[in-house]
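Engineer: Here is how the chains run, residue by residue.
Number of protein chains: 2
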Amino acid sequence: MGLSRREFSKLGAMGLAGRMLPPVGAEAQGDDRRVGYAVIGLGRIADHFLRGVQQSSKSKITGLVSGHRDKAERIAAQYGVPKSSIYSYDDMDKFRDNKTIDAVYVALPNSMHAEYTIRSAKAGKHVLCEKPMSISVSEAEAMIAACKAANVKLMIAYRLHYEPTTLKAIRMIREGTVGTVQSIISTNGFNIKQGEWRTNKALAGGGPLLDMGIYSLNAARYLTGEEPVSFKAYNSTIDHDGRFDTVEENTSWTMKFPSGILASCSTSYGASMPGFYRVYGSKGWLEVGSFGYQGIRLQASYQSGASGGPNTEIDETNQEKDPMQFTREADHLSECVLRNQTPRSSGEEGLRDMEYIEKIYASA
Amino acid sequence: MGLSRREFSKLGAMGLAGRMLPPVGAEAQGDDRRVGYAVIGLGRIADHFLRGVQQSSKSKITGLVSGHRDKAERIAAQYGVPKSSIYSYDDMDKFRDNKTIDAVYVALPNSMHAEYTIRSAKAGKHVLCEKPMSISVSEAEAMIAACKAANVKLMIAYRLHYEPTTLKAIRMIREGTVGTVQSIISTNGFNIKQGEWRTNKALAGGGPLLDMGIYSLNAARYLTGEEPVSFKAYNSTIDHDGRFDTVEENTSWTMKFPSGILASCSTSYGASMPGFYRVYGSKGWLEVGSFGYQGIRLQASYQSGASGGPNTEIDETNQEKDPMQFTREADHLSECVLRNQTPRSSGEEGLRDMEYIEKIYASA
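Top to bottom, those sequences are chains A and B. Reading the first sequence from the start, the letters are residues 1 to 364 in the working numbering. Reading the second sequence from the start, the letters are residues 1 to 364 in the working numbering.
Keep in mind the hints are simulated off the structure, nothing from the lab. Possibly wrong hints are sitting among the right ones.
Unchecked claim - A few chain A residues facing chain B, derived, Cβ under 7 angstroms: (1) Q182; (2) S183; (3) N191; (4) K232; (5) S236; (6) S252; (7) T254; (8) L262; (9) S268; (10) G270; (11) A271; (12) M273; (13) Y280; (14) G284; (15) W285.
As the list claims (entries may be wrong) - In the EDC-like style, the derived pairs of lysine to aspartate or glutamate whose C-alpha atoms are separated by at most 20 angstroms in a straight line are: (16) K256(B) - D239(A); (17) K122(B) - D91(B); (18) K201(B) - E175(B); (19) K94(A) - E115(A); (20) K168(B) - D315(B); (21) K256(A) - D315(B).
Owing to the predicted nature of the structure, the values given are computational and were not obtained by experimental measurement. Even glycine gets a Cβ: it sits at the ideal position worked out from N, Cα and C.
Looking at chain A on its own, in the form it has when it is part of the complex:
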């Protein structure tokens, strides 16, 4: 099965054209200094990142930005960050002069991603920003422009782009293992608690589509190697218990890709909805789940060889433990910084998802 120019280009963007996996850990390859990160926002995901960087030989934690000084001092002590490298949101811009901080990890609510990315860029720091990169296309464009103007790298934290099982699934599909792909399904959601910032539209920018559905959206793109050309969607809210006063509870949408592949995705803040995708091809299917921080499982069933040939069954789980995904993610940006390369999950990659999210909402 030949690859179109677009597919090959996507393959390159995913790092599949060259070696299979991003380098991790001990192989310093001539660069023996570690890239220093300031973590902006000390919530749940920041904890994974902190632990991920702690076990890295390419990256280290050199600063913290938080609205809670006590919490920041406690974490600083834990990770060996000097008190002088703790900043508040107000005085964060001073880290411009802190030479130990090369880059930032933006782990704030979605609506704050743009402001803190742009301020970090203006302070001369490279940016690793959590997904969704922003709450609008225009913000995403401003973030890309700011990083370009400041000559700093911008990477969006699509950690699964660096996860071995995900990369294996993509490679299998590109190699035609399940034949000609026709259809993809994917879900990702959870039953959210009262009072989370994720259900406050001013902070989240939208409902589960931005926070959870983006995994399915992005997966359909890296699985097909194509960009979707059309979207049809529904929103719905079933529970009227105060959680969904400003954002919708459910979104389901279908995307059509240029080749004709159809991808049906569902997300929810009202249901227990484990993350997964399944790719259906002429010779069989392939499934990966969850989208979590560890235990990514690959299952597949396909006819190997000619029609009527024996069936191959695959069921394997990545045994790497959390926070290895965050180590890989940070180290990719660190490598890009050290080698002056463009991150695979660039700002432009994040921008495309924002464009599609706006189209999905427009249809819904």
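Once you've looked at the hints, dock chain B against the given chain A.
Structural biologist: For chain B alone, coordinates are given in the frame of chain A:
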């Protein structure tokens, strides 16, 4: 969780308001005679039906209608049908005077369902018609009218309406086992061979939606107990190898139900796509697959009791062997005939699916 009037009515239609399972087999309950069936069309699915009725104590095979006299005589000998009860498509109407034939099983290509249902009704025979009941709403309406005028029963062969695991899944959802349902996903398809009548629009009436997607469509209805109010769909054809000159290769669609439940379904004639559905609720999820003739598997994972309570995991498979589903299906119509009741999967039930299929195509 209370049931709306619509839900309760649906529950009744599925036979869940009363006893759990349709009676099968030995319990003759005062009716010791078996209902005689003529099978119209001796293809693959007819073989399952013949074997299903053979093991029944309520139903028996008393006639065959086929274009292949040799084949019909061979099957007649196998099932104890006298040669005088073998008919061709041309002279079938003569079975009006054959008192051993109470009902027919229409197992022809989709486009022939209407004609043979109506001719059978006019000959005074009850009708069990394969799904989809027709290739258009207008045909379905004509079939219902013909059976009403002739005062015969019309049942559409939704065999899973009588399958214990499916009924258990429905009951679990109604009882709130997985909490408030938010979202459903379902797939059903296969990679079709060249030359099947199913890819000839004149015979099939459409692509995989009519033949395979109808399982997902119907499942979403019996799972929710609601009727969908809105549809968004895509068709696509990827393979241009002669199979899809008159019908599309893939259809994916989303349905919105009055409660807000969203159901995303995919079907294909180009991919290996095992049939299944998964229902996502506030407390967990439930999955049933396949839609095949045996081995229907129920899996579920849900939080029992109050929030934070322990998780219950279910994984069980109906061990009944093919053709038991067909025994149950035939016996339901036989009971309705003997007791003068309306089949649960009535013509009206089939008509609704035809209405929705037309809406899905209109959106695609």
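Engineer: It remains to establish, for every hint, whether it holds in the given structure.
Structural biologist: Okay, the hints, checked on the actual structure:
no.: 1; hint: Q182; result: holds (4 angstroms)
no.: 2; hint: S183; result: holds (5 angstroms)
no.: 3; hint: N191; result: holds (5 angstroms)
no.: 4; hint: K232; result: holds (4 angstroms)
no.: 5; hint: S236; result: holds (4 angstroms)
no.: 6; hint: S252; result: holds (4 angstroms)
no.: 7; hint: T254; result: holds (5 angstroms)
no.: 8; hint: L262; result: holds (4 angstroms)
no.: 9; hint: S268; result: holds (5 angstroms)
no.: 10; hint: G270; result: holds (5 angstroms)
no.: 11; hint: A271; result: holds (4 angstroms)
no.: 12; hint: M273; result: holds (5 angstroms)
no.: 13; hint: Y280; result: holds (4 angstroms)
no.: 14; hint: G284; result: holds (5 angstroms)
no.: 15; hint: W285; result: holds (6 angstroms)
no.: 16; hint: K256(B) - D239(A); result: holds (15 angstroms)
no.: 17; hint: K122(B) - D91(B); result: holds (14 angstroms)
no.: 18; hint: K201(B) - E175(B); result: violated (42 angstroms)
no.: 19; hint: K94(A) - E115(A); result: holds (15 angstroms)
no.: 20; hint: K168(B) - D315(B); result: holds (13 angstroms)
no.: 21; hint: K256(A) - D315(B); result: violated (34 angstroms)
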